[in-house]
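Participant: Below, each chain spelled out in residue letters.
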Amino acid sequence: MPRRLLRNAEIVFDEWRYVAEAAADAAAPLIVTLAQWQLEPDTWLARGTPLGLVLSPAHRVEQIAADLEHFALIGAEFSGPGEGRGYTQARQLREQWSFGGELRATGYVRRDQLFFMARCGFNSFELPDADIEEGYMAFTTFTAAYQPSNDSGLAQKLRNTLALPRSSAITAYRAAE
Amino acid sequence: MYRYDITDKTLVRQRVAQFRDQTQRFLNGSLSEDEFKLLRLRNGLYIQRHAPMLRIAIPYGLLATRQLRTLAKIARDYDRRYGHFTTRQNIQFNWPKLEQVPDILAELAEVEMHAIQTSGNCIRNVTSDHLAGITPDELEDPRPWCEIIRQWSTFHPEFTYLPRKFKIAVTGAPQDRAASLVHDVGVHIVRGPSGELGFEILAGGGLGRTPIIGEVVREFLPREHLLSYLTAILRVYNLEGRRDNLTKARIKILVRSLGIEEFRRRVETEWQLLSDEDLRIDDAQVARMQSFFNPPDYLTLPNIAPESGREPAFRAWYRYNTTAHKVAGYRAVFISLKKPGVPPGDVTDAQMDLIADLADRYSFGEVRVTHTQNLLLGDVEQSKAYELWQQLRGAGLATPNIGTLTDIICCPGLDFCSLANAGSIEVAKLINERFDDYDYIYDLGEIDVKMSGCMNACGHHHVGNIGILGVDKGGEEWYQITIGGAAGADASLGSVIGPSVPKAQVAETIERLLEVYVEQRDSEERFLDTVRRLGIKPFKERVYAAPLAA
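Top to bottom, those sequences are chains A and B.
Just so we're aligned, residue 1 is where the first sequence starts under my numbering, counting upward by one.
Just so we're aligned, residue 178 is where the second sequence starts under my numbering, counting upward by one.
Isolated chain A, as found in the complex (with noise of 0.2 Å):
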């Protein structure tokens, strides 16, 4: 059973596969490490297929912005349910470095995140099959927002999104009353 994820609000069958699922499947679509990636960048490319990299929660986005125009996939990984740096990591590869591909939230990532996941700029969750069905609504659990957002998932137009002011929050939803 290829697995499940939520992308850009729907239920999708993932193309994608991890290093340790890909020998079936040569022709798919792959998610490499960092290490993985570091240590054996050409062989990667050499397989001729999209690339994604996975980032753990220390891993910083620096480490790969020279490398980015690879990969048509970021993950980051959240290693449990207090975990954060994931947030920021987000945040910063839609803004900083422009990253416009698909943004993914793995290893722990539950309905309850999903809300602050998206608004920092992921458009990719890999869900538990309990959370998945239902995991859509969490997108609308609150229908306003104090902060700017990177929701729309695609960093062109999160550049445009970002120019309005909407500082703390004052101005953008007093324009829409």
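No wet-lab data here; the hints were simulated from the structure.
Bear in mind the structure is a predicted one, so any value in this text is a computation, not a measurement.
C-beta atoms are modelled at their ideal positions from N, C-alpha and C, and glycine is treated no differently.
Don't take each hint at face value.
[Said to hold, decoys possible] For each label pair, taking beta carbons as the anchor points, the in silico distance ranges come out as: (1) 140(A) <-> 505(B): 50 to 58 Å; (2) 374(B) <-> 72(A): 45 to 53 Å; (3) 96(A) <-> 460(B): 27 to 35 Å; (4) 211(B) <-> 10(A): 28 to 36 Å; (5) 11(A) <-> 351(B): 57 to 65 Å; (6) 96(A) <-> 650(B): 34 to 42 Å; (7) 4(A) <-> 369(B): 52 to 60 Å; (8) 141(A) <-> 254(B): 26 to 34 Å; (9) 275(B) <-> 141(A): 19 to 27 Å; (10) 141(A) <-> 702(B): 56 to 64 Å; (11) 370(B) <-> 133(A): 57 to 65 Å; (12) 141(A) <-> 180(B): 23 to 31 Å.
Let chain A serve as the given structure and place chain B on it in line with the hints.
Facilitator: Relative to the frame of chain A, chain B by itself:
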């Protein structure tokens, strides 16, 4: 005060719905205890010794009377008819039922209140000067900035899963009445090089196991950059703060291990990278927020001396429990929640209702919570002070002890808190019993006693002129005493005088410390200044020279 608009209202109502759903999922078993813990903590809900404890945010300590009446109703309907005000200007209820918490939150939402981020590893309720807007020594009212920070930090998508809790205090006067130097971030309104108002930003202060005084990260920040600069600080902390060890996870440990110069460099670097325009606060936004905090309709009144010709009890109360107001004819009036025999900071539902009535009648319908666990009516006509006092006295709310020895700051301690090593309420009671002579208490002058039941330091013992820390010694409750701490603009950490003492000897120990002070002080010198001048040696010698009586 700030009034919710449709966005604010929508958010708190949606939060209630979200928490109701989370509570149901926990109760039906689809959320584990550990998973639910992280969610409920971000909503101020602890599981404590007796029952859940619910902490409700009172942003920068400001309450409208309809809000206070709702708190009274909650105390009556869901708790045991009382609430406890904390050192961070919040209120706690000790006896709610878990399954009723969503209903409590729904009632709060109707009066523009919530429990969002009052616990958990996130940005906590922002605190401020309880005399904001009325004190003569103020550069600018800090509350509009507090509200801007409150909104910006509420459900912040990036900073809701920090390494540890994060507390911000804002002050607008040279006198620091918000203990901002022992906050993760202190924001001080100051004048810049050309006389314009902006902020001095401090970071890395904190109490707990490792007490540290905050250091200056930036001497002057133009005001439009406040939120982007806070974002940079939080981002450096979120990425680099320790997550492997709970006791080393606060920003103070990061600041200390990097050193303030390196920490500053990283913050400034991150700040340069941040897209600032979306967080910039323009003058119109500031003006709009300030408009919520416009002064009430003061009357044109002369300054008078309402105590002249009155009985000594009123004169003492007026001297100790009221303070100067910037508008002639007005006075700020403290409501002491430090009556002997009552746990410090506790107030009953009937008292809350009465205080709300009095605030409506005498103080433009607003009540303030102080970080010293008292309440304050900010705008009382001097000519009405006497009748106000009579009514407060009738309700046990006029103990004339503000700023004195018996105005003790105290955490809930072992009686309620599952973290505590030792009781604190009982010790406060013993101190009150020993020092019941007001002539002596007044002669001692300004002195603050702060007590915590454990290392977490909720009672701020490190920055008490006299600090008392509960420790567990082979299953018994003992107390370590420090002297020389201070929480204001000249903040300092107290020094331990020596071995801890058992509960029955705490009051005797304090009496000996005070003896030394009375003998050695220079005329008007405060206890704190005598300790600073002499060091702890003479105090220590006196305390341990002869066996302490139980």
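Participant: Next step is simple, just say for each hint if it's right about the structure.
Facilitator: Now for the hints, and whether the structure bears them out:
In this structure, residue 140(A) and residue 505(B) meet the distance hint of 50 to 58 Å, their C-beta atoms being roughly 53 Å apart. Evaluation of the 45 to 53 Å hint for residue 374(B) and residue 72(A) yields a pass: the beta carbon distance comes to about 48 Å. With their beta carbons about 28 Å apart, residue 96(A) and residue 460(B) fall inside the hinted range of 27 to 35 Å. For residue 211(B) and residue 10(A), the Cβ-Cβ distance of about 30 Å falls inside the hinted range of 28 to 36 Å, so the restraint holds.
Take residue 11(A) and residue 351(B): their Cβ atoms lie about 58 Å apart, and the range 57 to 65 Å holds. The hinted window of 34 to 42 Å between residue 96(A) and residue 650(B) is violated, with their beta carbons roughly 52 Å apart. Separation of residue 4(A) from residue 369(B) is about 55 Å and conforms to the stated range, judged on CB atoms against 52 to 60 Å. The given range of 26 to 34 Å is respected by residue 141(A) and residue 254(B), whose C-beta atoms sit roughly 27 Å from each other.
Roughly 21 Å separates the CB atoms of residue 275(B) and residue 141(A), a value that falls within the hinted 19 to 27 Å. Between residue 141(A) and residue 702(B) the beta carbons are some 57 Å apart, a value that agrees with the proposed interval 56 to 64 Å. A hinted range of 57 to 65 Å holds for the C-beta pair residue 370(B) and residue 133(A), which are about 59 Å apart. Checked against the hint of 23 to 31 Å, the pair residue 141(A) and residue 180(B) passes, with Cβ atoms roughly 24 Å apart.
Comparing the model with each earlier hint shows a violation of hint 6 alone; every other hint is respected.
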